[in-house]
Amino acid sequence: MSKVQLSNVIKTYPNGAEAVRGVDMEIQSGEFIVFVGPSGCGKSTLLRMIAGLEKITDGQIHIDDGLINDVSPADRDVAMVFQNYALYPHMTVRGNMSYGLKNRGMPKSEIDKKVTDAAEMLRIGDFLDRQPNQLSGGQRQRVAMGRAIVREPKVFLFDEPLSNLDAKLRVQMRIEIKRLQRRMNVTSIYVTHDQTEAMTLADRLAVINDGKIEQMGAPIDLYNNPETLFVASFIGSPQVNLLPVTFDGQHLVNGNLKLAGFSDLPNSKELVLGIRPDELSLDDNGQFPLRVDIVEQHGSDNLIYGGILGATDDGVEEMEFCFKTSQDMLPDLDSTLTLGFNAERAMVFDKTTGDRLR
Amino acid sequence: MKRVQFEHSAIPYLFVAPQIIIILVFFLWPAAQAIYQSFLLEDAFGLSSQFVWFRNYEDTIFSDSWLQAAGFTIVFSAIVTFLSLALALLLAVKANEVIRGASTYKTTLMWAYAIAPPVAGLMGNLMFNPLIGDMYKFLNAIGWDFDHKLDSFDAGFVVVLISVWKQVSVNFIFFLSGLQGIPKSVNEASMMDCRSPTRRFWTITFPLLAPTTFFLMVINITYAFFETFGIIDTTTRGAPGGATNTLVFKVFQDGFRGADLGGSSAQSVVLMIMVLALTVVQFRFIERKVHY
Amino acid sequence: MKQWNWRLISTHAILIVGVCFMSLPVWVAFATSTHSAEHILRNGLQFWPGSDFVETYRQVLFVDGGVMKSVLGTTMLKNSLILGIGFAVGKVIISMLAAYAIVYFRFKLAVPLFWVIFMTLLLPLEVRIIPSYEVVAGLGLLDTHVGLIVPLIASATGTFFFRQFFRSVPDELLEAARLDGATAWGFFKDILVPLSKTMIAAILIIMFVVGWNQYLWPLIMTTKEENYTLVIGIKQIYQILAEGGELPQYQKAFALTILATLPPVLVVLVFQNWFVKGLVESEK
Chain A
59 MSKVQLSNVI KTYPNGAEAV RGVDMEIQSG EFIVFVGPSG CGKSTLLRMI
109 AGLEKITDGQ IHIDDGLIND VSPADRDVAM VFQNYALYPH MTVRGNMSYG
159 LKNRGMPKSE IDKKVTDAAE MLRIGDFLDR QPNQLSGGQR QRVAMGRAIV
209 REPKVFLFDE PLSNLDAKLR VQMRIEIKRL QRRMNVTSIY VTHDQTEAMT
259 LADRLAVIND GKIEQMGAPI DLYNNPETLF VASFIGSPQV NLLPVTFDGQ
309 HLVNGNLKLA GFSDLPNSKE LVLGIRPDEL SLDDNGQFPL RVDIVEQHGS
359 DNLIYGGILG ATDDGVEEME FCFKTSQDML PDLDSTLTLG FNAERAMVFD
409 KTTGDRLR
Chain B
210 MKRVQFEHSA IPYLFVAPQI IIILVFFLWP AAQAIYQSFL LEDAFGLSSQ
260 FVWFRNYEDT IFSDSWLQAA GFTIVFSAIV TFLSLALALL LAVKANEVIR
310 GASTYKTTLM WAYAIAPPVA GLMGNLMFNP LIGDMYKFLN AIGWDFDHKL
360 DSFDAGFVVV LISVWKQVSV NFIFFLSGLQ GIPKSVNEAS MMDCRSPTRR
410 FWTITFPLLA PTTFFLMVIN ITYAFFETFG IIDTTTRGAP GGATNTLVFK
460 VFQDGFRGAD LGGSSAQSVV LMIMVLALTV VQFRFIERKV HY
Chain C
1110 MKQWNWRLIS THAILIVGVC FMSLPVWVAF ATSTHSAEHI LRNGLQFWPG
1160 SDFVETYRQV LFVDGGVMKS VLGTTMLKNS LILGIGFAVG KVIISMLAAY
1210 AIVYFRFKLA VPLFWVIFMT LLLPLEVRII PSYEVVAGLG LLDTHVGLIV
1260 PLIASATGTF FFRQFFRSVP DELLEAARLD GATAWGFFKD ILVPLSKTMI
1310 AAILIIMFVV GWNQYLWPLI MTTKEENYTL VIGIKQIYQI LAEGGELPQY
1360 QKAFALTILA TLPPVLVVLV FQNWFVKGLV ESEK
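Chains as they are written, first to last, in my numbering: chain A, 59 to 416; chain B, 210 to 501; chain C, 1110 to 1393.
Just so you know, the hints here were simulated from the structure itself, not pulled from any lab data.
Cβ atoms here follow ideal geometry from the backbone N, Cα and C, with glycine treated the same way.
Don't take each hint at face value.
[What the hints assert, rightly or not] Quick list of in silico lysine-lysine cross-link-like pairs, PhoX-like style, CA-CA up to 20 Å:
hint, chain 1, residue 1, chain 2, residue 2
1, C, Lys1298, A, Lys113
2, A, Lys160, C, Lys1333
3, B, Lys358, C, Lys1187
4, A, Lys236, A, Lys212
5, B, Lys393, B, Lys303
6, A, Lys327, A, Lys316
7, A, Lys212, A, Lys226
8, A, Lys61, A, Lys212
9, C, Lys1187, C, Lys1333
[As the list claims (entries may be wrong)] What follows is a set of in silico ranges between Cβ atoms, one per label pair, in the way DEER data are often shown:
hint, chain 1, residue 1, chain 2, residue 2, range
10, C, Gln1348, B, Ala486, 31 to 37 Å
11, C, Glu1147, B, Ala486, 48 to 54 Å
12, B, Phe263, C, Trp1294, 33 to 39 Å
13, C, Cys1129, B, Ser274, 35 to 41 Å
14, B, Thr412, C, Ile1125, 41 to 47 Å
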């Protein structure tokens, strides 16, 4: 039960590359925080700085009330689950789980008890005397978690732990990680580039872009109220539909399209309109004529992709939109659907700064 | 290098110390000595010496015997390298083709690796012994007036044969592992694109083996330069008349037998430069390999 | 009727010729070593074993003056084993430690020291024979095991081999171990060495063969017969045969070549897979 505090944390590499450009964050005790962002955004570097595997160029990191900038990784009392698990290949599962405790000089009987308990909890009790190469991917993943659990650390760190698993196992383990964290109530920081994982696991989500936090908050808040174009397009699957527009005083304009229902927007700026695929609906009076290109049937719902007639993408092509609808809606290819949207729920961004305008 | 490293002041020095000390004492110091001595001329009794600049180099390197040895070493190295590579490649390709008996062939073709060059030399020497050697009798029986004690070509023939024999197995091991490293799918794709196995070999397989071949060339040249010392020393010993002297054998002879310290050192330095050149070539190549 | 597969037949034919080329000389050496000196002198080389196997090898291995002036075959065998094993073990220890320091530590002289090790590639024994001899003689190490083995074990090959291997070990392993509280020595002993087991085995095998087969260095290092290795014995018997004398003891010369060949060949054959792996990996 520990809180973690980052103040103006900066990482600059010797070659001048800035991986993290000033991050402030307060993580409450027992909270599950997810760092999400595209690859190379600095989220892993941030995690590794908390672990002590990367030096901090500037700023401070506290765990509880202790400044840990110069504390060695072993003394920070954190445990990490690695992407490739990093199990010691020559040790048994038991050996892997007890190595850290042995190094801390814990008596053998106590180690045995902790390992057995953790193995029980993770349902790997039967594999304790096997070596990692005799285990399946999912089992290895559990051992890696077990190794972290037995340490009873102040903070759990997860570095894309599920990305080496197949899709089905990933969902299963995701649920298990969440359950485990609830049960143990240990402060956890989890890095991923998968937005579904991020949405489902996080108490709070930090979207990181180019070494900075774009926005931090509850996942559903980020989905409903993204503060920037980047967050809007990163969170949500299928992706938000984006249409470059300008404002003429009453309408948002793109090519032949004139969209009503907007006001109080700057006249001269280039803007971007964002509409989530499930905010679109069939509407005979709608403003988007969509020429159907592809229909993906996902089971409970269908995704219909197509070009918006009359809209131009820099004058070259039609804008592509995605429309999420129910499974019984199956239009012919090349037919035209007329779609409407609720202007109240639509988002408008400044194209150059990416800031949300309404 | 590693993303994360230990930072300690003394421990890494402690770990490299044994190796570094041995290198300083037994490698760098003697090498420096060799360079130093190559500029000195000792009197006949080894009592005094004087600094003579490049005299030793001029005296030895422009001597007929050194030039003869250099010429023989180059021709010898080229022939040994080519023959042992060609033979090993042929055997490796064939051994890679067969299914039945593959492991038996592999084992029986590679085990000669473990034989020391002087042992191979003595065996070969006895095979060519005029009194008992069947090879000697056989060659004379087929009309070759063979006498490696008198004829320099015949002496060269013996040394080359034994050197090639000793080296085939190493090359075989590398070629075979190179061939096995070619992905099966590449072979299958080439089988659909090209009917002739011979053409397939020269257009697909051989180019893919190029890195191995190049690497082995360097290894083989080094072998022919240095390791064949043991073979020469147990067969011809440079006879007849220095016709089968390699440069290394000559350094040894002049230094230990002839006690010509300065001249022998000068020859050593020239050899160092040759090794340097070979290493540079090898590393150029390795760097290229890294990029592709 | 089944068609003759000429391609397959020619493949096997080539391989069989190759196998004969590689193996026959050794077989002939063995077969000839089991005949008496008179028989060999009269009839030349032998293709089938004779009746003198026990006598020849007894003479070579156990009888004083049986092959050399004074040293027994068993003594040479012992010396060869000491050289082979000492060389292999020493080289593995020295090069693992150095490679560990170079790969896993950040220290000022890492790069220069790496180049010092690299330099050994440029200085094969053959180019520094005489001064090397002088150094060893000056240290009073002639005719000692230390003087024989230590100067040989410092070359770069082993260090490069382990450096290459350590670099292929995933970084996360060290990171996990550090989070688990492992010290520098602890990580080496608990993780890296056990992890390198097969690599160590492979390099031990190769280095045993290389050490056993050393020729030039032991040749100039040993002056006393009791310190001869089998490979040096080869040189001596060459000398004896070349000098002539009454009846040339060819069978003993052949027996000596077989004895000098057998141990390294056995090691290579028994540990074939490790050996090939080690050889191919170490040269990358």
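Failing hints, ascending? Hints 1, 2, 3, 7, 12 and 14 contradicted; others consistent.
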